[in-house]
Amino acid sequence: MTSNIVEIDNLSFGYNGRVLHKGINMAFPKGKVVAIMGGSGSGKTTLLRLIGGQVKPTKGEVRVNGQVVHEQSRDGIYQLRRSMGMLFQHGALFTDLSVFDNVAFPMRELTDLPESMIRDLVLLKLNAVGLRGAYKFMPTELSGGMARRVALARAVALDPSIIMYDEPFAGLDPISMGVICGLIRSLNDALGATSIIVSHDVKETFLIADYVYFVANGEVAAEGTPEDLMQSTLPFVHQFVHGEKDGPVPFHYAAPDYRAQLLG
Amino acid sequence: MINIIVNMVSRLLRGIGSRMIARVWRLGAGTRLFMLAIVYSGESFRRFHLTLREVYFTGVMSLLIIIVSAFFVGMVLALQGYNTLQKYGSSEAIGVLVALALVRELGPVVTALLFAGRAGTAITAEIGLMKTTEQLSAMEMMAVNPIARVVAPRFWAGVISMPILAALFSMVGVLGGYLVAVPLIGVDDGAFWSQMQANVDVRADIINGVIKSVVFGVACTMIALFEGFDAPPTAEGVSHATTRTVVISSLTVLGLDFVLTSFMLVV
Ligand SMILES: Nc1ncnc2c1ncn2[C@@H]1O[C@H](COP(=O)(O)OP(=O)(O)OP(=O)(O)O)[C@@H](O)[C@H]1O
Ligand SMILES: [Mg+2]
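Chains as they are written, first to last, in the UniProt record's numbering: chain A, 1 to 264; chain B, 1 to 267.
This is chain A alone, in the form it adopts within the complex (with noise of 0.2 angstroms):
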């Protein structure tokens, strides 16, 4: 159990008062690529802001390297996120800021490192992510695939240990996307990080990750490594695996009877 750099332990959460989480269990383990899957709206991203410590649980709790999150002080919770790595849904650039600048940013608030090797290692980011020509843009000259990688390249900037990423495949063109999926793969296992994958692209997510968490109505649905959860019969998973519609997860939002609401 001690391995496990991010434990999610029985955790409920929502929001003014409209219950979304009921009671999660989740394990991180060092050195792994686990992802989160789930519908639209299920919950995945405030996942993301409950291990940030952006939200407070209403039950349970998160814990990170052993301390629980909801607990520490403001200066706790900063020191715990220096050791993490977030990409935003829609990338969150800073938007008065070029795309050089956007990705030293970390490194200049949080380090003491001089100018020119701060430089280098911008560079060296923003080469791995495929855009190092671009790096004198603002953000509002980029497409949102290109300002996704930048916001990737910014939140690696400073090798964190813990890695999360909100959908890091939409948007993508094929050929960025083959190359994003080995980069998560690849500074997973350089860096010795634990990656946290959200997202609802089963065939990319399956081909990086070691381990999956379905989230359905507020609850773990299932778990499993990529090939057993391929070869489950359970229905929730064929349906999400295989993309169909009728299954045990409504596509639609909880609404009153369509002929009913038509006729009024």
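None of these hints come from the bench; they were simulated from the model.
Check before you lean on any hint, since a few could be wrong.
[Claimed, not checked] Counterexamples of contact, computed for chain B against chain A with all Cβ distances above 10 angstroms:
| hint | residue |
| --- | --- |
| 1 | A22 |
| 2 | M35 |
| 3 | F48 |
| 4 | M75 |
| 5 | L79 |
| 6 | Q135 |
| 7 | A138 |
| 8 | E140 |
| 9 | L251 |
| 10 | T252 |
[As the list claims (entries may be wrong)] Ranges of calculated distance between the beta carbons of each label pair, as one might list FRET restraints:
| hint | chain 1 | residue 1 | chain 2 | residue 2 | range |
| --- | --- | --- | --- | --- | --- |
| 11 | B | V214 | A | L113 | 35 to 43 angstroms |
| 12 | A | A260 | B | R26 | 38 to 46 angstroms |
| 13 | A | L110 | B | V247 | 34 to 42 angstroms |
| 14 | A | D159 | B | T243 | 43 to 51 angstroms |
| 15 | A | R132 | B | I211 | 49 to 57 angstroms |
| 16 | A | H70 | B | V214 | 37 to 45 angstroms |
| 17 | A | N127 | B | T243 | 42 to 50 angstroms |
| 18 | A | G76 | B | I211 | 35 to 43 angstroms |
| 19 | B | M35 | A | A254 | 40 to 48 angstroms |
| 20 | A | Q231 | B | R19 | 33 to 41 angstroms |
| 21 | A | E141 | B | T261 | 45 to 53 angstroms |
| 22 | B | R19 | A | H238 | 48 to 56 angstroms |
Fair warning: this is a prediction, and the values are worked out from it, not measured in the lab.
Glycine included, every Cβ here is placed at the ideal spot set by N, Cα and C.
Once you've looked at the hints, dock chain B with the ligands against the given chain A.
Coordinates of chain B with the ligands only, in the frame set by chain A:
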């Protein structure tokens, strides 16, 4: 029947109450942000280039509008002042009138109003958008405190810019007044300046004007920052917040001006 009336009255009271509570809550949250901005100010001075950058955006960008407005205000002051003063045969006092009006009142107040419209709205929209696009969240996740990195430098930039802008306003205003009074109307050049020099007091007039503009700087910048920080993370939320910045800043400046002036005249 009675039931309905009681119901209506209680709903009315509840409405007023909840609105009051919301106002008081916002005042408290704003004050809290102000305190935090002060507490986390260290970085704004240790890495002064962060603050200087914001001085450029809030101060330098407001220069043009301030200078043009000041010029016209000064010219109008001279026209109106001369019109009245000459009835009493004291048109040489026009320089004093223009200078005092600018240094004591119009400089700080009009500068603050223009600042709220030009720089305040920009601050609110920028911070609101940073929140909407999760930039502030991203900063927090990087263990960088947005209050120290985003709020405090902008706050100090506003507090530094405002008195400088107000001083510029007064200077340019006096120049505008001079151009109308002396070359245009024909008031005596020497009388214009010497009367001004003799009757404008450093402590009572200039220092008090500077105090006013520093207070307005704190108020306007803090209101703009808070509205941005507090804006609902949507396009509509940010646009409403921007409007509120102008309305609340303007009212606050005019209200504060009355309070400060009465204190200054009594003491
Ligand atoms: N700040 C918030 N306040 C209130 N409700 C929120 C907030 N953020 C998210 N929610 C709600 O929580 C639910 C889960 O949101 P979350 O962003 O975690 O979903 P997700 O699994 O990441 O979805 P997606 O795959 O579409 O990104 C949604 O129904 C959303 O409406
Ligand atoms: Mg999400």
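Each hint, compared with the structure:
1. For B:A22, the shortest C-beta to C-beta distance to chain A comes to about 17 angstroms, beyond the 10 angstroms cut-off, and the non-interface label holds.
2. Annotated as non-interface, B:M35 keeps its C-beta farther than 10 angstroms from every C-beta of chain A; the closest such distance is 15 angstroms.
3. Once the 10 angstroms rule is applied to beta carbons, B:F48 is consistent with being away from chain A; the minimum gap is 15 angstroms.
4. Every Cβ of chain A is farther than 10 angstroms from the Cβ of B:M75; the closest lies at roughly 38 angstroms, confirming the non-interface assignment.
5. With a least CB separation of 43 angstroms from chain A, B:L79 remains clear of the 10 angstroms interface cut-off, as annotated.
6. Its closest Cβ contact with chain A, about 5 angstroms, brings B:Q135 to no more than 10 angstroms, contrary to its assignment away from the interface.
7. A beta-carbon of chain A is positioned within 10 angstroms of the beta-carbon of B:A138; the least distance is around 4 angstroms.
8. Once the 10 angstroms rule is applied to beta carbons, B:E140 is inconsistent with being away from chain A; the minimum gap is 6 angstroms.
9. Against the 10 angstroms criterion, B:L251 stays outside the reach of chain A, whose nearest CB is about 30 angstroms from its own CB.
10. Remark: the non-interface label on B:T252 is consistent with the geometry, its nearest Cβ contact in chain A lying 27 angstroms away (cut-off 10 angstroms).
11. Range check, B:V214 to A:L113: Cβ separation about 38 angstroms, and the 35 to 43 angstroms hint holds.
12. Checked against the hint of 38 to 46 angstroms, the C-beta distance between A:A260 and B:R26 comes to roughly 42 angstroms, which is consistent with it.
13. At about 39 angstroms, the CB distance of A:L110 to B:V247 agrees with the hint of 34 to 42 angstroms.
14. Between A:D159 and B:T243 the Cβ separation comes to about 45 angstroms, which falls inside the hinted range of 43 to 51 angstroms.
15. Distance hint check for A:R132 and B:I211: the Cβ-Cβ separation is about 53 angstroms, which falls inside the suggested range of 49 to 57 angstroms.
16. As the Cβ distance of A:H70 to B:V214 is approximately 41 angstroms, the hint placing it in 37 to 45 angstroms holds.
17. A C-beta distance of roughly 45 angstroms is found between A:N127 and B:T243, which places it inside the suggested range of 42 to 50 angstroms.
18. The supplied range of 35 to 43 angstroms is met by A:G76 and B:I211, whose beta-carbon atoms lie about 42 angstroms from each other.
19. Remark: the range hint 40 to 48 angstroms for B:M35 to A:A254 is upheld by a beta-carbon distance near 43 angstroms.
20. For the pair A:Q231 and B:R19, the beta carbons lie near 60 angstroms from each other, so the given range of 33 to 41 angstroms is not met.
21. For the hinted restraint 45 to 53 angstroms between A:E141 and B:T261, the CB-CB distance of approximately 49 angstroms keeps it satisfied.
22. Hint check: B:R19 to A:H238, Cβ distance near 53 angstroms, so the stated range 48 to 56 angstroms holds.
Consistency with the previously given hints fails for numbers 6, 7, 8, 20, ordered from lowest to highest.
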